[in-house]
Every structure is written in C-alpha cells, then in structure tokens.
Amino acid sequence: MSADLFSIFIIAIFIENFVLNQILGICPFVGVSNRVDSAVGMGLAVTFVMVLAGVVTWSIQNLFLAPFHLEYLQTLSFILVIASLVQFVEMVIRKTVPSLYQALGVYLPLITTNCAVLGVALLNVRKGYGLVESAVNSLGGGLGFFFALLLMAGIRERLEVAEVPVAMRGAPITFITAGLLAIAFYGFAGLA
Amino acid sequence: MNTKELTKGIWAENPIFVIMLGCCPALAVSTSLANAFGMGIAATFVLLGSNLIISLIRASVPDKIRIPVYIVVIATFVTMIDKFMAAFTPALSASLGIFIPLIVVNCIILGRAEAFANKNTPQDSILDAIGMGLGFTIALAMIAVFREVLGDGKFFGIPVPLIKDDPCLLMIMAPGGFFVFGLLMAWKKHLAAGGAK
Amino acid sequence: MNDLIQTGKYLLIISAIAGLLLAFTEMVTAPRIAENNRLVLEKARREVLPGAERFDTLDLATTDDAGHPATRSLSLGFDAQGKFLGTVQTVSPKGYGGPIDIVLGLKPDGAVSGVKIQSMRETPGLGTKLAEGFLDKFLEVARAGHPVKFFVKKDGGDIDAITAATISSRAFCKGIRDGIKVVQEGQTLIQQRAAAPGATPLPGPATTPVAPSPAPAPAPAPVVPPAPSVPPAPPADPESPPPAPTVAPEPPAPPLPPAIPQGGGQ
Amino acid sequence: MATVTAIFSAILLMGALGFVFGAILSYASQKFAVTVDPRIETAISLLPGANCGGCGFPGCAGLATAIVEKGVPIATCPVLTAAARAKLSLALGLADAGPTTPLVATVMCNGLPAEEYRKFEYTGIVDCQAAVLVANGPWLCPHRCVGLGSCVKACPFGAMTLGENRLPIIDKEKCTACGKCVKACPKAIIKLVDKEKTVHVKCNSPEKGPDVRKVCKVGCIGCQLCKKVCAYDAIIIENNLARIDYSKCVQCGACVAKCPQKTIIMQGVPDFKARKAFIDEPACVGCTLCFKVCKFQAVEGGTPKEKHRIISAKCVGCGACVAKCPKKCIILKPID
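Residue numbers (this note's numbering), protein chains in the order written: chain A, 1 to 192; chain B, 1001 to 1197; chain C, 2001 to 2266; chain D, 3001 to 3336.
Incorrect hints may have been included.
Subject to a maximum C-alpha distance of 30 Å in a straight line, what follows is the list of computed DSBU-like cross-link-like pairs (lysine-lysine) [stated by the list, open to error]:
#1 C:Lys2129 x A:Lys127
#2 D:Lys3197 x D:Lys3153
#3 D:Lys3195 x D:Lys3248
#4 C:Lys2116 x C:Lys2181
#5 B:Lys1008 x D:Lys3174
#6 D:Lys3262 x D:Lys3273
#7 B:Lys1154 x C:Lys2154
#8 D:Lys3314 x D:Lys3258
#9 A:Lys127 x C:Lys2094
#10 D:Lys3172 x D:Lys3153
#11 D:Lys3195 x B:Lys1004
#12 A:Lys127 x C:Lys2153
#13 D:Lys3217 x D:Lys3153
#14 C:Lys2043 x C:Lys2094
#15 A:Lys127 x C:Lys2009
#16 B:Lys1119 x C:Lys2009
#17 D:Lys3262 x D:Lys3314
#18 D:Lys3087 x B:Lys1119
#19 C:Lys2083 x C:Lys2129
#20 C:Lys2129 x B:Lys1154
#21 B:Lys1154 x C:Lys2153
#22 D:Lys3191 x D:Lys3228
#23 D:Lys3324 x D:Lys3227
#24 D:Lys3248 x D:Lys3208
#25 D:Lys3174 x B:Lys1188
#26 D:Lys3087 x D:Lys3195
#27 A:Lys95 x D:Lys3031
#28 C:Lys2149 x A:Lys127
#29 B:Lys1154 x C:Lys2116
Covered stretches of chain B, as calculated for chain A (at least 3 residues, CB under 8 Å) [to be verified]:
#30 1102-1109
#31 1176-1187
Source of the hints: derived by calculation from the structure; they are not laboratory data. Each residue gets a CB set at the ideal place from its N, CA and C atoms; glycine is no exception.
Looking at chain A on its own, in the form it has when it is part of the complex:
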C-alpha cells in the first residue's frame, strides 16, 4: 500500500508536475516567482490549500455527491470549497505574516482560480483515489508546484543581473525559462 502511495507522491511532484507538465497554475507561477521569499510564501500557501482542498473535496464527493447522484454539482462544490479555503488562508496570512501578505498581493486571491488546485481535486475524483491517496496526491501536487516555483524564483533572481535584451525583459524571458524547465522535467518521465 505505502509503495503505491510513494509512487503517487513521486509522480505528482516530478513526472506529472502540475506547472511544467500539465501547464496548470501558470498565472501565479509567473506572477510571484520574481523573488525567492515570496515564492516560498506562495508555494506553502498553495500546498496548504491543495492538501486541505484535496481532503475536503474527496469527502464531499464520496459522502455527498456520489450517494445522492449529484455528480453534476462536482465543479460547483469543489470550487466553493477552494474559494472559502483561500479566503481563510488570506485572512490568516494577513494577520500573522503581513509582509508576506503584501508580497503576494493580488496573487493570493488568485489561488482560487489557480487551475492546479481545482485540477488536483478533479484528478483525485477521476482517478478514483481513496482519501489517503487523494491527500498524498494533493501534497505531491502542491510540493511539485512549490518545487517548480522555487526553481523559477532562483533562476529569475539571477536573470535580474544578467544582460537580457530589452524586449525580452520581464515576462518573456520567464516563459522561455519555464519552457526550458519543462524540457528538463521531461527527463523525469523516464522514472514512471
């Protein structure tokens, strides 16, 4: 059983990395990765929301939606859960770590529409994962996002001092770097 969990975990982080492989959650990925500390903040916030969302959505799906044949409410209820979780996290961060709250700025509420979070929730259902598997998959997905964000932030900080052509500065060079990172992540595909 645990071997299976471990493989889900590794697949979620490296092989099916949410950002670089399935191209989900690009908006915060590009928006917040200019500095490592805000990237860490965002990564942790997203992982926290993902794991919690993974568990809550799984329970809603299996305790309410499936028995009462309300599958069509799936998207609606999942996104309501995620939105409320994000609003909750926003309040907590605003109270406890105001500087991080300032650094994340608009990208904190945008976690709600972060495709990765809803992606994980729907993926858990589509793959028919149990509770523990969903939690592990969500954790893996979150850490995968966090890992990619950290890599990106590190690279972008070095890009600040590199000689970048005028038109490429800012977002364009970020996307080219993300493309190269995605190619690098294909190397992990052999792990499956």
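Mind docking chains B, C and D on chain A? Use the hints.
Only chains B, C and D this time, still in chain A's reference frame:
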C-alpha cells in the same frame, strides 16, 4: 457607450500578453486553431455572462465572502452552459465540450470580475467582457497558429506541405507552448516600445 | 455573532440558488444527454459491427485492473436474418489524461471487426492521434487475419505506437486485449446465447429499463445467468428497483454507457 | 417524485455547504481581524505608494505607521511634492515642516573617453557592486562611474537610463530624489542637488592633478582656476577636487568657461562659451556701481558722471555688474 472599454481589451490591455491572466488554458489548449477559436468563443461567452451578473450583484455582496460568491456565480454559469450545450447542441458540445469545465479555472473570468466588474456599471462590464474575450481569442489564435503549423504540420486542419511529414513535436507539448508564448510577448513588448532597437 | 449568521445566511442563499439552478438544468438536460449518448453509441455499434441490425445484451462477470469483481455488458450483434455476427463492447483503459472509451467489435472467431474511439482526454495533438492515423493502421493489422499480438512494437507486439505518445498507444492496446480476454472467458455463454438466434431473446437476463431517476448512469442489471464459477456481481446501486423483465423488440438499455466526456460516473 | 428529491437534495447540500463556509469565514474574519488604525489607512492612500524605501522605512505602509504611531515627520518621505505633503499633513493634522527646495539626483562624473581609459574588459555579473569587487572596477580611474547600471535598476521611478560612454542619464521630471540610486552606487558618484542649479563639477576624484591626467581627459586636477574666477566664492577646493556650494552659485558660467579640463559643465549647454560684459555707452550715467561691484577690476572708470567701459581681458563674465546696473545697460555676450 465609450468604446475605450471595448477596444482596450483587444490589444492595448490584452488579457494574456499584457495583464498575463488566463495563461493556463492559453498554453494548454492552443495546440490547434480550431481549439483556440473554440476556447476563445466559449470563454468570451462565459466572461460576458459572469461580468454582467457580478456587476449587477456587486453592491449587496459583503466583502468578507466576495471571492466565494463570485466563484459560485461563475461556476454555476459555466456548468449550466456546459449542460445546455451538451443537451441541445451535441455537435458543438463534442468540439467545445472539453473546454467548458476548463473555463471555471480560467483566471481571466475572476480576474475581470474582481478588477472590473465589481467596480463598474453593467454596460461597461459587458463592453469590457467583449473586449477581453476578443483579445483572449486573438492571442490564443496567434499562439495556436505557430504551434499547429510547426508542431502538427497543419493549418486549421489542412496539412502544410513542407512540415507535415516530420513536424517538431516539441511545439505541441508544454515547452513549445512556453516558448511561443514568451516570444510572442517579447514581440508585443517590442512593438509597444515603438519598435525601439 | 449575528455577523456570523448574516454572512453565513448570504452565502447559504447564493449557494442554494446555485444548487437549485444546477438541479433544474440537470433535470432538463440529463435525459437528453443520455439520449444523445445512446444515439452516438448506437451509431458506433453499427459502425463497428457492419451489417448488425439487432443487438442483444449479455452481462459477463470479469475483474477490472485492480482485481475487484466487475461486470462487462456485451452486445451480441445479429443481422436481419438473425445470424450471429459478433460481439460489441466498450472498454475504457486508463490513458495518459484519463480513461479512453473504445467501442470494440469482435467477430465470433475473435478477430477484430471494427474499433471506434468514443471519447478520450489525451494530450491534444499527441494522444489525440489515436483517433486519426493510428486507428486506420491498427485496423489494417488487426484485419490481416493471422493471429495478431496486440502489443506495442516496443513490447514485442505488432502495433507501432504513435511517436511521443507511447502511454496512450499502450493503453489502447491494453483495452483491446482486455476486450478479447472478456470475450474468450465468456465464450461458452456467448455461444449459448448465439445458438438461439431465431427465438426472441431469452427473457432471463433482460436489462433494466431506463430508470426515470435523473441518475445519469443507470446501474447495470444485477442478475447474471447462474454461471457455475462466477458469483453474480452485487447490485451496485441500492436505490434502483430490481428490473421487471421487459421484452422489447430492441432492448433500449445501453450497456454501461461510456463516461460522459466531462468525466462523471464511477 | 424522484426528481423533486434530487432537486431538494441539491439545494440542501449546496445550501449547507454555503452556510458552513460562510460561518467559517465570518468567524475567521473576527478571530483574525487585523485592527488597522484608520489614520494609517489614509496616510497610506496619500503617500506616493512607490514603496521605494527612500525614507528608510519598509515601504509606504511602514512609513505611514511610523508617522501615525511614532510621530516621524512627514518630510522623511523625499518623494512627496509640496502639495501632496500639505494634503497629507492636513488629513493627519500634523505639522508640515518639509524642505522647500526640491532636489534631484545628479551624476558627478563625465568619464568621456570610455574605450581609451579602460583597464580590462569586464564580462561578469552586470552589476556595479559586483564589478567593483574585481580590482576596483574596469576603468583606469578608480573613481569613474562603473557604468553597469545598478543605479538604473535601483530607481523605482524609472528616471534613469544608461547613456553613451555608459554614463547614467537622469530625467529631472521623473526623479523624486528618493536617494535609492545614491545608495546603489558603489563609487558614491550620484549626489542629491538643488533641482534648478545647472552648473556642476563633473568629477569625483580626489587624486592629484598628474595622476588624474593619466587616467582621464576630463577629470578635475585641482588647479583652482575656477575658484579664482568665481565672483560669488561659490567654489570650494578640497583635496584637489572643486566642489560647488549651490546656495551661493548663480550659474553665471564663468567657471565653466575657465575650467581647462572641461570638468565643470552647464547642463543643457554642451559647448558653453566664455562671456564678456559690454556697456551700452550712451545709456551709461556713470553711477560707478558696476566699478564698485566688480571683483576683477575689469571696469574702467570710477569717477561719477563719466562713461564707464569694460576691460574685456580682465572680465570673466560673472554678471555681477549686470545685476547691479540701475540703467540695465550692461549685457553679457559670448565672444567667439
């Protein structure tokens, strides 16, 4: 009827290249022109509806639960469209079907709702929605042209003579999306900077 | 405290309205969607088994990938004169992006009569090539007659996979093998049913009428003919009433309908 | 019948979910309520919001809290215009003792011949602080502007760009004198100077004259000619480097014309020509004021009611007489 609201979304404040919202579906779906237009039209339609509804209810929403309420409105709107299309227009739904659930997580919808619809009148919100939707579609089409021709050797489904036998598959996959997107954005910045050196 | 109630009340109203709207749309659209899917499946079945006019459904017990018991409903195709043409079934191997629903037609001798992809969520441009060039090449090989090893070339089979989409190609082949295995296992039952083409299909394992409940996936018939070794599959859904055997010229109930492209269902 | 229960269960489920989350959120908003002093909110809204850090506080929010809670003077924000500062002091009811003369950042280095005086080709990280670690910068002159744009990157208002010879050009309108560039420059070449003044000593090198000549064509060699020619003694020479006292300088340009090294320049007038005073003979009433005020004995006359004339050889063009003459009959003309 100030047209500035309408035209700004199309190029000046293009949602993808300038505001950089909604890049997830843009990269994931822009592998063929047909997909791009499909996604664009579906997104425009949803954006129109959600902007209108949100700008209508914006006064009564307590600020603490602003985001959950907006998201519920958007999700309901999207699911209804998905179901009605699947029921009454099965052919269209077959081609557009997989895009509709993707729209719920499209950052543009909540982005525009949060940034625009909850501050402006319904008329302006509709104009903004149309502008943003068109801008989104155009940007998507621009990306899709490169990716389909280079990666798939087709243009709108018609095989392109030179490339069709061994297209560069990388273009279709995730990294290709990133590259084309980055280069197009650089080209836009270059233009916006008045074609400076 | 009252603020807590106040906000809670507001979100309750909004969510409730949303729930109502969706339930309403579901009620209006579910039967039509099921109908659309059924028509599509109907067309697919005819396409896959050329010449078949009438289909009989037969449910066979089998085990799914994880070894849990599951039922697979087969459609036995008979032409106008009642001659047994072969079997049609829907297999859903797990591809790269999720299940790939394939409608598989097999001739009585086990050769592949036709294959059609019902729905899939593979990476656009790569996995989706399954539905284009790959399918025609696959049919050529399958119809060549000599015993075909349905494996990707890399795994020592006769099918060449799509470049950069080996996962999808492997899943496709696995689905085909799975279909053939089910037919071989249930060979005795199929012959038994096929042997009585003239008479109207035996009343026994009739199918469930399309239950009025909006549940998009009507439960498969719980009753399986008393095969010696295979235990009847437990009824999955307590809610639907045991089906009164209805004899209709053409059993309307579709076999386990393919997952609606949006991915609902088990 | 079944459809009604289905609809009812849908509404019930969504309603319950909505209520539960609404309650959690409102409870959380109370428990995690961030008590923000409304005055800080108004302060934040009235401050420029550039978070440039010129005031030494972490962004405008930091400064706003400091102003409201610790009574830090409003003037610590260098970026505020006088009008904005007045509005803020009005809103907060605090005194507004801000500096009157607006400042602007100016680069005190002319480093003209870029290629001739280069020590080595630097291809490391494009950052002045990093370049300075390598043998004190790639230029022969240790005080020359490194030219890799740390100041340009530090400027939060986009007022600086790297010009030719890799010297930064400052846009006077955009520059808010927040001081970020001053801190970013490892050679301390950028100084905050009165915005109106246009005459500057474009050199920062305290080396002796001969050493300066070896490393730069336009460096200040400490010859003190400018000090002698300045009628308003606005130039101070400290360890071989001329420095302008901007409070006294009237930008007459006498020093600019005199400086043999072209170190002192007048902004906006690249090839500044020496100017001489000329008296319009008929209009002169012989009041001898110009004779008295001229420090360089360049006026021929002195006896009242007689026509005065300027000895152009001695005149440095400081313009003191022009200001003093009651009949306004003296004018300064560049000689070619």
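Verification of the supplied hints:
1. For the suggested pair Lys2129 of chain C and Lys127 of chain A, the alpha carbons sit about 23 Å apart, so the restraint of at most 30 Å is met.
2. Between Lys3197 of chain D and Lys3153 of chain D the CA atoms are separated by roughly 26 Å; this keeps the pair inside 30 Å, and the hint holds.
3. Between Lys3195 of chain D and Lys3248 of chain D, the direct Cα distance comes to roughly 14 Å. Compliance with the 30 Å bound is thereby established for this hinted pair.
4. Between Lys2116 of chain C and Lys2181 of chain C the CA atoms are separated by roughly 18 Å; this keeps the pair inside 30 Å, and the hint holds.
5. Restraint check: the Cα-Cα separation between Lys1008 of chain B and Lys3174 of chain D comes to about 26 Å, which is no more than 30 Å; the hinted pair holds.
6. Our distance criterion of 30 Å between C-alpha atoms is met by Lys3262 of chain D and Lys3273 of chain D, whose separation comes to about 11 Å.
7. Using a Cα cut-off of 30 Å, the hinted pair Lys1154 of chain B and Lys2154 of chain C holds, with the two alpha carbons roughly 28 Å apart.
8. Between the alpha carbons of Lys3314 of chain D and Lys3258 of chain D the distance comes to roughly 12 Å, so the proposed pair stays at or under 30 Å and holds.
9. Restraint check: the Cα-Cα separation between Lys127 of chain A and Lys2094 of chain C comes to about 9 Å, which is no more than 30 Å; the hinted pair holds.
10. Of the pairs offered as hints, the one joining Lys3172 of chain D and Lys3153 of chain D holds, with about 17 Å between alpha carbons and a cut-off of 30 Å not exceeded.
11. Straight-line distance between C-alpha atoms of Lys3195 of chain D and Lys1004 of chain B comes to about 38 Å, which puts the hinted pair past the 30 Å bound.
12. Straight-line distance between C-alpha atoms of Lys127 of chain A and Lys2153 of chain C comes to about 27 Å, which keeps the hinted pair within the 30 Å bound.
13. Distance restraint check for Lys3217 of chain D and Lys3153 of chain D: the Cα-Cα separation of roughly 28 Å lies within the 30 Å cut-off, and the hinted pair is therefore satisfied.
14. Simply put, Lys2043 of chain C and Lys2094 of chain C have alpha-carbon atoms about 24 Å apart, close enough for the 30 Å limit, and the pair holds.
15. Restraint check for Lys127 of chain A and Lys2009 of chain C: not satisfied, since their Cα atoms lie roughly 35 Å apart, outside the 30 Å limit.
16. Of the pairs offered as hints, the one joining Lys1119 of chain B and Lys2009 of chain C holds, with about 24 Å between alpha carbons and a cut-off of 30 Å not exceeded.
17. For the hint linking Lys3262 of chain D to Lys3314 of chain D, the alpha-carbon distance of about 21 Å falls within 30 Å, and the restraint holds.
18. Straight-line distance between C-alpha atoms of Lys3087 of chain D and Lys1119 of chain B comes to about 26 Å, which keeps the hinted pair within the 30 Å bound.
19. Between the alpha carbons of Lys2083 of chain C and Lys2129 of chain C the distance comes to roughly 35 Å, so the proposed pair goes past 30 Å and is violated.
20. Between Lys2129 of chain C and Lys1154 of chain B, the direct Cα distance comes to roughly 13 Å. Compliance with the 30 Å bound is thereby established for this hinted pair.
21. Pair hint Lys1154 of chain B plus Lys2153 of chain C holds up; C-alpha atoms about 27 Å apart against a cutoff of 30 Å.
22. Restraint check for Lys3191 of chain D and Lys3228 of chain D: satisfied, since their Cα atoms lie roughly 25 Å apart, inside the 30 Å limit.
23. With a C-alpha separation of about 22 Å, the suggested pair Lys3324 of chain D and Lys3227 of chain D falls inside the 30 Å cut-off, and the hint holds.
24. Proximity of Lys3248 of chain D to Lys3208 of chain D is assessed by CA-CA distance (about 26 Å); at most 30 Å being required, the pair is judged to hold.
25. Under the criterion of a C-alpha separation no larger than 30 Å, the hint pairing Lys3174 of chain D with Lys1188 of chain B is consistent with the structure, at around 25 Å.
26. The suggested pairing of Lys3087 of chain D with Lys3195 of chain D holds, with an alpha-carbon distance near 23 Å, which does not exceed 30 Å.
27. Only pairs whose Cα atoms come within 30 Å are accepted, and Lys95 of chain A paired with Lys3031 of chain D is accepted, the gap being roughly 9 Å.
28. For the suggested pair Lys2149 of chain C and Lys127 of chain A, the alpha carbons sit about 28 Å apart, so the restraint of at most 30 Å is met.
29. Restraint check for Lys1154 of chain B and Lys2116 of chain C: the C-alpha separation of about 23 Å stays at or below 30 Å, so the hint holds.
30. Coverage of a stretch by a chain is defined here by at least three residues with a beta carbon nearer than 8 Å to that chain's beta carbons; for the region 1102-1109 of chain B and chain A the count is 6, and the condition holds.
31. Under the rule that three or more residues need a Cβ within less than 8 Å of chain A, the assignment of the region 1176-1187 of chain B holds, with 10 such residues.
In summary, the structure is inconsistent with hints 11, 15 and 19 from the numbered list given earlier, while agreeing with the others.
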